[in-house]
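One letter stands for each residue in the lines below.
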Amino acid sequence: MGIFGWLPHRGPKPATPDDAPEQTLAIYASQPAQTAIIVTLIGIEAEQIDEIIDVTARRFGKKHKIVYLTDSLDFMRFRDRNAIFEYLPSALEQKLHAAEICWNAYLARRWRLLLSKWQPVHVISYGRNIDAFLAAAPPMTVRTDR
Amino acid sequence: MARPTCNICGSSVFGDTYGEKDSAFLRRNVRCEGCGSLERHRLIFEVLRLRGLLSGNRRILHLAPEECLATLFRSRFGSRYLGADIDPGQFPFAVTRLDLCRDLPTLAPASFDIVLHNHVLEHVACDYRTVAAGLHRLVKPGGLHIFSIPFLEGGFREALDGQTGAERTARFGQADHMRIFSPGDLAATLGSALPLPADYDATRLVPAERLRAINVPEAAWRGFNNNAVFLIERQEDGQTLEAPTPATQPASPAPRPARPDGVLFVSANGIGQGHLTRQLAVARRLKHRPSAFLTMSYSAAIVRDLGFPVHFVPHHGLTGEEPAAWNDRLAAEIGLLLEAHHATTLVYDVNFVFDGVIKALGEHSGVQAVWIRRGMWPAHHAGYIGAGAHFPIVVEPGDYAGECDGGPTVADRAKTRLVPPMLLIDPSERLERAAARQALGLPQEATVILLDLSRSANPDLARLHARLLDDLLARPDLHVVELQSPLTGSTAARHPERHHRVTLHPAYANSRAWDAAIVRAGYNTFHENIAGGIPTLFVPDESPDMDRQVDRARWAESRGAALLHRIGDGEAQRAAALDRLLRLDIRAGLTASCAAIAGAGDGWRNGAETLARMLEGSFDEGGVE
Amino acid sequence: MSAALDVLFVADVRFEGGTSTALAVEIRTAARAGLRTGLLAIKGPLLGLPFPMHPDLRRLIDEGLTERIDPDMRLHARLVLIHHPTIIENRPTRPLSITSDKLLVVLHHPMYDGCGRRQYDLDRVVAHACDAFGSDVFLAPVSAVVRDSLPQRLPPYAHMLEEDWGNLIDLDDWAAKPARQPAYPVVIGRHSRPDPLKWPTAEEVLLAYPADGARFRVRALGADAFLAEKYGTIPPNWELVPFTWDDVPAFLGTLDFYVYFHDPAWSEAFGRTILEALATGLVVILPPHFALLFGKAAVYGEPADVERLIDGFVRDPERYRSQSEQARRFVENNHDAAIYADRLARIMAAPDKAVAPQGGGLFPALPQRNVLFASSNGIGVGHLAQQLAVAQRLPPGLTPVFATMSYSMKAAVQQGYQAHFLPHHRILDADPEDWNTCLAEELFELIAHLRPAVFAYDATAVFEGVTRALGAFPDIFKIWVRRPLWRESHRVFLDFSDRFDAVIEPGELAETFDHGPTAACRKETFLVPSVLHLDPAERMARQSARAALDLPEGMTVVAVQLGSGANFDMRDLRNALLAEVLRRPDTIALEIRSPITPEAAGLERLGERHRVVELFPSFRFSNAFDAAITAAGYNTFHEQVLGAIPTLFVPNEADEMDLQASRARWAELTGRGWLMRRDYDLGFAAAHVERLLDPVERENVVRRCRSIAWTNGARDIARYVEDHARIVRTDWDITKLGSL
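Quick mapping for you: the protein sequence lines, in order, are chains A, B and C. The UniProt record's numbering puts the first residue of the first sequence at 1, with every later residue one more than the last. The UniProt record's numbering puts the first residue of the second sequence at 1, with every later residue one more than the last. The UniProt record's numbering puts the first residue of the third sequence at 1, with every later residue one more than the last.
Same shape as in the complex, but just chain A (with noise of 0.2 Å):
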């Protein structure tokens, strides 16, 4: 993919739900200074993931805690960088798993959650968007029997 593709897009917020979170998380509660930005990699392939991270870093990570939302299960690339991430599991993670709980209402409500919890004043996308990536979350199916 060339660079083009990986053009952030800095367009309106995401779409966040009408209320606000009941409660007020706050990861960073008692750091008032500390700000947040989340940057979603959905969809993305492991080794474009290191250049992303560079690059976000190189840009906000001054200012901000950048906070990566990832559906890779490849972890030891945030590490190996010092990057924060929050995991989500990947549409065929979904699928797989699409018996034991209700994606979309769950992940529904985990944005949610982390949203209050990062605070963030930006989200940049990367790859899929997360609105998309929420609506295609499937509802609970029933288990068959084996």
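In case anyone wonders, no lab produced these hints; they're calculated from the structure. Each hint should be verified, as a subset may be incorrect.
Said to hold, decoys possible - Simulated coverage check for chain B against chain C, where a stretch passes if three residues somewhere in it have a Cβ under 8 Å from a Cβ of chain C: (1) 10-16; (2) 52-65; (3) 73-87.
Said to hold, decoys possible - What follows is a list of derived Cβ distance ranges for each label pair: (4) C:247 <-> A:79: 50 to 56 Å; (5) C:266 <-> B:141: 50 to 56 Å; (6) B:109 <-> C:266: 47 to 53 Å; (7) C:97 <-> B:142: 42 to 48 Å; (8) B:90 <-> C:212: 41 to 47 Å; (9) C:226 <-> A:140: 47 to 53 Å; (10) C:2 <-> B:126: 54 to 60 Å; (11) C:224 <-> B:25: 56 to 62 Å; (12) B:203 <-> C:160: 43 to 49 Å.
Just so it is clear, CB atoms sit at the ideal spot from N, CA and C, and this is done for glycine as well.
Once you have looked at the hints, place chains B and C on chain A.
For chains B and C alone, coordinates are given in the frame of chain A:
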């Protein structure tokens, strides 16, 4: 062999049954110390076990529930087990109240697989047959009615009220028994309400070795007894009231009402008392059976004096009736008495069997017929022997002089049961000499002679009696005792002090009062005097229809046990006999010889006692051979 | 889908001893009678400790004699049997869809104990049973003693069963003891749960169990140190045998007399152990209050009468034999399990045939339930690996889901499990309190959506956020798998023990070296054998493993796995050891990296025969290794020893680690490995390696390692999870649940 073990609880320690010391039901070493079981309980348990009836959801009705069985039934059958009794409070576990006389209708018919009761039917205070049949109806078709009842010989008898505890114990075996069953007539009694077997043999239920192993002794194996277990399967279509016909006893043609078993003693005896006396001897030794008498003897009063009901039927020779009619009347009288006294046994003591008696026996074939037939018959009575066909049981009281019996009875011993001599009173029952003398108003120190020849129909004897009386009274210092009877009438005393007329009955009880006796040699008198060791001068009655008294007297004389004077002997012999009788040393010798005769064998045993036990106990012992 | 049963047994399956054994007898007998039965497990309020399901009951499920029932199943049973009133004294915390023709509550105890204390609230028992199962309740007392203790007026909807639900014993399991005439010294004995209350007071104990060794030998099963606490010194003629499930009949067979006296503070409801003794035909001597229950089957008296009673039997062998026979016969007559089938048939009061199964005869499958495995583990993969070990051993009806802080989460996903990541606050540079707040919220969401039946936590530290989240779900069965060998500094975490329903402690080979904070708590934990992710027997065969790793035969392969080094710098030691290994011409040093080792952290290759591989799990290949040099973390250590790989252990002695040095020390002192400490032994590297490469030395170590008897604790934990995943809880009063 290993020690017997209770098959219910496993204990091998046994004790005696509970109850009165001299109770008829006391048995040793049969009561399980572990659970209290008796032979019947262990037998029942064994049968149930062998038949696989101790599991599966059976409905059990258990009356008067014994703990040894109840605990186990409750564990296994739970709510299907019903323990019931008229007095539930006496049990240490929950028992339902059930009055068999009233509450049986509250239980649904054909609703129990097993109905079980031991020694209950003798206690019910109402018609036991209704209860028995009612219980049987509760059993499902194919189910079992299991029970046991107590037995005593002497025929079934019952009394629902009016008896004290002691009386009930005496008659029925236990103070709270309303009745007692009897093996001989079981078919006619309980057997008319339930389909009972004809006989009983426990080894048909459980093998003999196993019976021994579980301490059910052989005494309980055969014959109807307290530990015989009835196991009756309820047939498909309801109960049957017909008792099965036993081989030995034909079924009665008409249904009989319930009968307790009394004994009817029938005797003739116009003048004498011999037959009646023997019957009285038996009657007073019956512990459990009531006795009634039909007699043609004018001595009927003595029967009443001894406490027995008596019915006097005068012989047609006295009434002038047509013999046939009289015999019919006799038969009817006998029948009435059998009914009235609920008698199931008729004891006859006459050489000659009247047609009326035969007819009565024919009409009451369920009645047990016993003929007391003493020996020493005159030869011309041989034709009477055939009457034995009407009597299944012929009892011959032994005669000391039996070895010289040449009469017809000797040849007819095949089904005769020989018993020891029968006496109304045992020699040992007599009053001591001093007491007897006092009772009779006799001086303690004088010589007293009993003279009793006149209480007979024989005029020769009456004349001899009078002469002897004079002779005796002529001797100073002699006291003479005469026995009064209705026949002697009342004559004046011949001497104010030394002539005593005694009406005390029975005279023999006072016979120690006299030093010597001059009597006839009838069966009773003969044996009273020999067994009593009374120095006697026998004057046999030689009337043709009497028994062979002269043979007895001769026999006694030959044994040195008595003196003999026959009517035909002259006066000189009479006087000589008297002289001898009055000699102390002669009398001593006579007494000694009497003792030797009476003490022979096992000593004195009263044949009346033997017969009484036969009528009430079992025949297993057999007669004395 | 609805299912049908003949009998549904509802019970707390964790009771030790007689209660569960009795239930097992009932279930087995019912099954033998052809009845279809099920077992619904209740977590009642009586047992606070993490008892597992009683093995006798477990076996019945394993053997298919009864069905495990899930509370969500729709079910009709002809008879529902609730054993023990206390288990329904609180309402079930979830609704049930179970109907029945008849509902029974078996009352094992009198309503009031010997001291007048009420043992259960009958009104609540009846009301809750009625509400839960929707029918009237029949009370079934086990004996007349219990029956009589009940009030005349029963609560509404309660009825008294006409018969007693007597204790039953399977006589096939209790053979009559060998017939033997007692002679001095006689053997008297008893068996019971290890509870000091089951023993008499100190004043009476020597009367009942005399110390006169010339005439008596005393054998007690279920007796151990607590007796010394109660009585001081134990007489020399007493033999104490620890409690065991098995072979009680054999134990009873060694006795001549069975003597049972207990503390007056104890109220014996029935005394199943006594029934067992009677069944074997022992002459049993008891306090008089037992006479109501056992009648003439036993002999009664005060402790002071014991010697005299025994003497009476010794003198009279026939009486002894008779009493012995009565004892066994009593049990046969009244307590034989064979009568149970009839009892059930009576109670069910329907035609005596098994229920016709609906729809093809197969019992419906248990509903799927999630089990949430949560672990910390920034460093290493140990906790996750342990959990994977358990997850793999769960039955198909239970779905493991992982929520971990470990970077190795991938391992779980690769094994096919749903997984979630929870970043640790250190990585986030966040204040722990803020972080815990978030964690609580995030976990709450996950649990709310997953609705796991069991929450299994594997970590040393228990985070506030975790306990707060768990607090919102009182009904979930919460397990803490907590390995021992803690440092003292970790003691504070013990306080969290009561937030969990069960603490499970995987076995530690070096447990004798454990004097840490957890050692004192072992009595309150469920102990299982050591847990390994992979059974040693499941490893690849040596040849295949060597081929897979391209290791030629004839070379001595030394595996080196000194951990990620993130918190404890092992570089110098590593280099020294590798150098020594490689000095020999025939060695290969196989350095195994874990997936989370920081890259290029000083792990340059030191030669041709130095290979670096990334293997997870490396244990699978370990048959290929001739020797190893590893750290002594729990997983690695136990793999090396149980896998019989001769290993030089170099413990990671960082503060936050458990006491790895103790493990290694144990290994060295028991000949199962060697210990080398970074700070002490650097100068001796050569000597250590020389010994390590010595074939004779290695052979000794292998032999000693193979002598360890071991089964995988992972299996025990998995079964424990399975047994608790479908329970109905009545151990707390849900009516008192206020707002969160």
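Exercise for review: Quick one: which hint numbers does this structure break? Sort them smallest to largest.
Suggested key: none
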